[in-house]
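Taken in order, these protein sequences are the chains called U and X. Heads up: the first sequence at position 145 corresponds to 145 in my numbering, and the numbers run straight through without jumps. Heads up: the second sequence at position 262 corresponds to 262 in my numbering, and the numbers run straight through without jumps.
Treat each hint with caution, since some may be false.
Claimed, not checked - For the chain X half of the interface with chain U, some residues (derived, Cβ under 7 Å), not all of them:
hint, residue
1, Tyr-11
2, Thr-119
3, Asn-212
4, Asp-216
5, Asp-291
6, Gly-345
7, Ser-346
8, Arg-347
Keep in mind the hints are simulated off the structure, nothing from the lab. Just so we're clear, the structure is a prediction, and the values are computed from it rather than from any experiment. Note that the Cβ used here is the ideal one computed from N, Cα and C, for glycine as well.
One-letter residues, chain by chain:
Number of protein chains: 2
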Amino acid sequence: MLFNSTQRPSYEALETPCLVVNKPILVRNLTSMRQNIESLGVNLRPHFKTLRSLEAAPHILPNKSAPITVSTLKEAEVLADEGYRNIIYAVGISVTKLARVHRLMSKGIRISVLLDSLTQAESLNEFCSRHQCSISALVEIDCDGHRAGVRPDDPLLLHIAQQLHTGDAHFQGVLTHAGEAYHCQNSHSLRRAASAEVKAALDAAQHLRSINIPCDIVSVGSTPTAHSYRDLAGITEVRAGVYGVFDLVMHRMGLCDIDDIAIGVVTTVIGHNVERGWLIIDAGWMALSSDRGIDSQTSECGFGLITDGAGTLFKDLRVSIVNQEHGIIETEGRDGIDFEAFPIGSRLHVLPNHACATTAMHTHYHVFDAQKATYEVWTRILGW
Amino acid sequence: MLFNSTQRPSYEALETPCLVVNKPILVRNLTSMRQNIESLGVNLRPHFKTLRSLEAAPHILPNKSAPITVSTLKEAEVLADEGYRNIIYAVGISVTKLARVHRLMSKGIRISVLLDSLTQAESLNEFCSRHQCSISALVEIDCDGHRAGVRPDDPLLLHIAQQLHTGDAHFQGVLTHAGEAYHCQNSHSLRRAASAEVKAALDAAQHLRSINIPCDIVSVGSTPTAHSYRDLAGITEVRAGVYGVFDLVMHRMGLCDIDDIAIGVVTTVIGHNVERGWLIIDAGWMALSSDRGIDSQTSECGFGLITDGAGTLFKDLRVSIVNQEHGIIETEGRDGIDFEAFPIGSRLHVLPNHACATTAMHTHYHVFDAQKATYEVWTRILGW
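Please take these sequences and the hints and turn them into a complete structure.
Rendered as structure tokens:
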């Protein structure tokens, strides 16, 4: 939806709470990451999970055959219906989801699934045999003990890949995600996490090739490490998601400025609790999420930091408490809240701790481009 | 949507993650609260915000003119379109939302708004004057310092009510919510919170009547206090929300048994991290929410406790970590997880910490009645 200037509802007419996107900042972030990764000679396979909006896809991808990552089959199905056709579903597969994967393949979509166990590989082979198809699978590599995956030097990796390679499924390569990189405190540890991620993927691929199993995809990625690679020789693609919009977690890691955060939740001051020194706003966890970001950062950002509509940060304010449809803003300043500066009815923006979680609370995004004087409403793809 | 037996998809065919409702338990909980409150001689005005589903409304309310509470105008609009017509919108009103309230009134809906400041009262009078209408307003009373509202003995209460009473708006009464009752640790403190809530509302009403301002509605409520009232003389209605489905917060407060929790998130085991002792499931914060419940309970329930499909609790398991589409289940047992008992592909249920937050992550609920052998899909009303 793109409104022309006569139809365009003004920013002031937006009902709160709602999520706004600053489109020029989004596009700048997306372009910058693409240039960085492509300058290292590697494909970017953006993660769709942060925005999950078809209207965002042309900005995230250069064309419909460019690679993309999804976190649900629902995203894959909507993208496929629009002509996007090179997809990795990057959550460990379960048998009950294979029929939908198969349907996408039947439509000519290149879609790969992810697994890290012999059980899954056996089930996949069996499904492919029964349905006379060959679903492509990546084996997840554990590069940092974060969550899932097989260690690159674990003989299990070779067994799983061998089973896929000799079965009816198609073994396509390896994928790793440096989830622990979100806990890095400085650029040195980030670079170390990025190197470890790359090394794990390359080691895994090399072990497989040494027993003559081809490894077409060698995929790495997380937004923190994607900002920290120096050498990607041997890697075929990088995945990252939140870099398009950024958030307070990324800011506190030093990966973006406050001005690079492309989204905010617009909220109205609906009350003053003078006794407690609270501004009460109409954005609770329904609009912001309950995500507090990385634990170590909890105390400083609360449930989000506050700017005015122009993006200027109120340095000592934060959302300290959230209920369903109420948020409470407190100050860290010694003089308490200046209630006259924030009258009832005034409007504030809340910057998200974790953009993926905040976007997930909204069915639509209000997308403004002040430079081009455009306003669009983007729809989020919901569900699984 | 109600499927007959031939169309009925089986429980086993549900794709995960998804939210299931045990309908007989829901109906039992709803009935029990209604009987308790009505036996105290008072109306029940249930809060719609937990389920937000039109299909649930006939179970929540005895008829379409029965009173209901909503947390968004979107809920009010959908209910009104279906014929429900006695609504309190229980979040502090802001001017930009009044046009929608006015539209509902024009359709013959009785809808009341909530406020706690002279600014809001002035804006409401001005709106009513400009649009030649008389919107009903309740003044929010602060009974426990939880969030918003005016103390019952604060002269500001009289000023606000007077302003509404003499202006174009309609002053309708007082409303309070014992939000601090969620921190009560035992039945004694719950009863004290319930008494304090009732007293605050009665005191406020009495002050107003003493200056000849009629106070038709004297509304109290929270699920914890709604279980703890003994005497409601002078109160006109009780509001409560989560009692229909319950959750782990309510269970840990002693307000329900585990068997009274009417919802769960169905999830599939998608991985074993043997080294760390983790079951990896396909329900992350997108399916469960990031809500950890009341802070003091954090360590024990994590992001949810685990049952099998029949509702039997695995006492030492909990979801300890959530990412977007991944959850991690850990055990508190000394022997670690029995991986053979939870093979990859097996199915578990996660009981919610906070039901309102977990339902909010789903567009649909899968509603089973094992006694009547029925399966329904209920749609959640989304947005604001």
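Right, here's what the structure says about each hint:
1. Tyr-11: violated (12 Å)
2. Thr-119: Holds. Min distance 4 Å.
3. Asn-212: violated (27 Å)
4. Asp-216: Not OK, violated: Asp-216/X not within 7 Å of chain U, min 23 Å.
5. Asp-291: holds (5 Å)
6. Gly-345: Holds. Min distance 6 Å.
7. Ser-346: violated (10 Å)
8. Arg-347: Hint violated; Arg-347/X Cβ to chain U Cβ min 9 Å, cut 7 Å.
Going down the numbered hints, you'll see the structure goes against 1, 3, 4, 7 and 8, while the others check out.
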